[in-house]
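Using the sequences provided together with the hints, build the complete structure.
As given, the protein sequences belong to chains A, B and C, one line each in that order.
For the first sequence, position 88 (counting from the first letter as 1) is numbered 88 according to this note's numbering, and the numbering increases by one without interruption.
Add 174 to the 1-based position in the second sequence for this note's numbering, that's all there is to it.
Add 542 to the 1-based position in the third sequence for this note's numbering, that's all there is to it.
Only pairs whose alpha carbons sit at most 27 Å apart, straight line, appear in this in silico DSSO-like list of lysine-lysine: (1) K156(A) x K695(C); (2) K402(B) x K7(A); (3) K258(B) x K411(B); (4) K135(A) x K494(B); (5) K92(A) x K13(A); (6) K332(B) x K454(B); (7) K44(A) x K516(B); (8) K695(C) x K151(A); (9) K35(A) x K97(A); (10) K151(A) x K702(C); (11) K682(C) x K692(C); (12) K97(A) x K13(A); (13) K258(B) x K7(A); (14) K496(B) x K149(A); (15) K44(A) x K402(B); (16) K44(A) x K255(B); (17) K205(B) x K97(A); (18) K35(A) x K13(A); (19) K255(B) x K7(A); (20) K255(B) x K140(A); (21) K454(B) x K440(B).
In case anyone wonders, no lab produced these hints; they're calculated from the structure.
Computed from a predicted model, the values in this text were never measured in an experiment.
Single-letter residue listing:
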Amino acid sequence: MTNSMSKAVEVLKSFNPFVEEIDDREIKISLSNDKVISALDVLKSIGFSHLSLITCVDWIDDNQFELVYILFNWEDGGKILVSTRIDRSNPKFITVKELWPVARFYEREIHEFFGIEFEGNDDMRPLFLELWDEKPPMRKDFDPSKYSKEKFPDRKYEKDVIKEAKIFRGEING
Amino acid sequence: MGEVKLFFGPNHPGMHGNFSVHMYVEGDIVKRARPLPGFLHRGFEKLMERRYWLSNLALIPRICVPEPDINEACYAMGIEKIAKLDVPERAQWIRMIVLELARMANHLSAIGGVGGPIGLYTASHWGTADRDRILDIFEALTGARVYHMYIIPGGVRKNMTPQIEEMIWKVMDYIESRLDDYENLIFKNRILHSRLKGRLVLTREQALEMGVTGVGIRATGVEYDIRKVDPYLFYDKVEFEVPTATDADAFSRVYLKFKELSQSIKIIRQALEKMPQSDKVNVPISKGSALRHVVPKGMAYAHIESARGEFGFFVVSDGKNKPYRVAVRGASYPQGLYGIEKYLPGTRIEDVALWLATMDVCAPEIDR
Amino acid sequence: MKERTMWEQIADSLRSRSLWMLHYCTGCGAMELPPTMTARFDMERFGVAPMATPRQADIMLITGYLNTKTLRRVIYTYEQMADPKYVIGFGSCTINGGIYFDSYSTINRLDYYIPVDVYIAGCMPRPEAILEAFNYLMEKIRKGEADGWKRYKENYEWYKQNQIRSLGEVYVHDEFHE
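Structure representation (structure tokens):
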């Protein structure tokens with residue numbers, strides 16, 4: 001662990017974090033969701049000022065979404081993954097656009113792909129998809145293959161090329 | 175005169191890739207701007223969850239077209255972090271060479287890309303022609319010009335033969351001999367100076383607030399380079415400098431890319447010298463078919479310094495033969511979306527293409 | 543196919559010598575276009591040159607995968623182009639979806655939405671393949687076989703119906719499209 005990371009763990013003691021070490025320059029800190037924003041604020045003030053990514057993982061079996069904020073320290077190269085879990089059936093969280101203005105776009109993307117609302121971030125227009133008519137596509141229960149089959153017709157081949165190739169290689173008899 | 179609505183892209187010769195900026199302009203000055211990405215959205219992150227760990231290697235180079243190797247490297251490094259794989263030393267050096275070659279190819283095409291919007295077509299022609307020599311190395315090494323699928327979890331796909339090493343030495347010598355001409359004909363050119371100097375200034379505070387990495391931040395005078403701050407592969411065992419500038423304008427950003435070319439040549443030469451001779455360039459990651467490869471439970475974030483800045487893969491595994499979730503941090507995400515909305519208002523119309531070119535906005539990695 | 547008059551044959555033969563290509567990078571195949579355009583492969587020796595506006599272009603390159611958002615713009619652009627117009631589909635993505643066969647946002651078959659004259663196989667096609675495709679297209683034009691634009695007019699209803707089936711709405715209305 002780098003100096004800044006041990007300092008971060010020290011500072012965050014009062015937040016009851018669950019700390020996992022991934023690498024000698026990367027840790028994951030899991031927090032309950034009411035403490036995340038203040039923890040991010042603290043981390044930003046002690047040097048983890050670069051927000052690399054905000055992303056989301058859909059743990060459908062636990063009925064939860066996991067939000068992950070990846071912070072980076074430009075001074076000694078420490079990375080902290082701040083993670084929290086929110087309820088999947090009514091996903092809502094608070095925006096961090098006051099801390100990092102670029103977060104607006106990450107949150108907009110998460111809203112589009114996972115359907116999570118971010119309170120305080122009012123610009124939630126679709127960014128990547130246009131006229132999307134299904135559930136948010138990155139959710140685990142969305143099946144892209146089925147959607148693709150319904151919407152975008154496949155090419156029909158007159159010959160079964162795979163079968164011909166197999167006959168050619170002598171794997172099956174023609 | 176009132177405000178006029180104006181499209182810039184997706185169908186526009188000055189546009190880099192398939193991207194769109196919607197603007198309200200008054201005279202020549204941009205009043206409001208709105209990025210409209212998504213024209214290249216293919217749903218990579220979803221598709222990767224549906225394929226085996228190793229089949230994804232065919233998919234991920236397509237995330238960033240000008241510099242595909244960084245995707246493979248980040249993905250492989252993420253898996254190695256979770257699975258605690260030890261990569262053979264020679265493979266690490268080969269990866270470094272490949273990544274630096276890719277960086278050079280990207281910088282050359284970026285110098286060419288700046289030439290287009292300002293009308294200095296020498297830059298486009300030279301950049302593209304010299305980039306092709308690097309693509310020839312890739313073709314000899316991996317069999318493909320653009321999408322290589324060469325770096326795999328646990329090493330690289332094939333060993334580098336002495337003939338290819340010889341070829342790399344030659345191309346490096348050639349490109350180094352060209353650098354003086356670039357400096358004299360392109361970077362001392364008055365067209366380039368009058369169009370780029372003092373334009374599109376992004377100060378250090380703005381860049382840090384926005385989260386810009388790469389040449390965007392180094393042009394403001396700070397030496398922020400992930401190769402130095404958070405060394406991966408063997409970047410801590412080679413000597414190189416991180417060029418910086420203090421003007422923070424469009425010219426210094428392009429010039430830094432040019433400066434980095436000679437640093438990359440230096441790194442490649444050191445790597446070729448220090449690389450141990452061995453036949454072992456990858457470790458078997460699974461018993462039997464590689465498709466049955468299972469990565470243990472865990473998550474990791476691997477990032478590298480691409481030609482455009484911090485590029486990262488966030489990989490989550492639930493202990494099965496397919497990734498549970500892969501998220502990509504595109505290097506040009508901040509400047510391509512937030513930067514356009516915040517910093518383009520106030521500039522002139524013709525500078526919009528320069529923002530996209532000098533900040534290296536790469537549409538496929540924003541859209542994915 | 544109808545018999546061409548002598549004038550049409552002459553016109554086709556002249557057309558094939560000077561093709562202007564629309565400069566629209568719809569996908570990743572566009573990465574191989576700069577080498578094709580510049581000194582090493584130099585497509586201009588075949589009379590093919592890039593052109594900025596759809597109104598003056600003859601060829602439209604669909605360089606790779608198309609997602610629904612781009613397809614709408616491609617249809618706009620295709621309909622803006624003046625007759626005769628030709629379409630070249632790059633790579634396996636335009637033929638059958640390629641590696642994006644199960645993607646929720648990319649189409650699987652291009653000639654279902656606009657007529658395609660030449661397909662180039664591979665991902666991504668090399669500059670030599672692109673030049674070969676141009677030559678093949680020229681040959682087709684000379685023989686009068688590149689009649690995609692006619693088919694689009696004759697089967698307009700069918701194409702429109704397919705477009706609507708996949709896209710829902712072909713002409714989008716957002717802040718800028720009022």
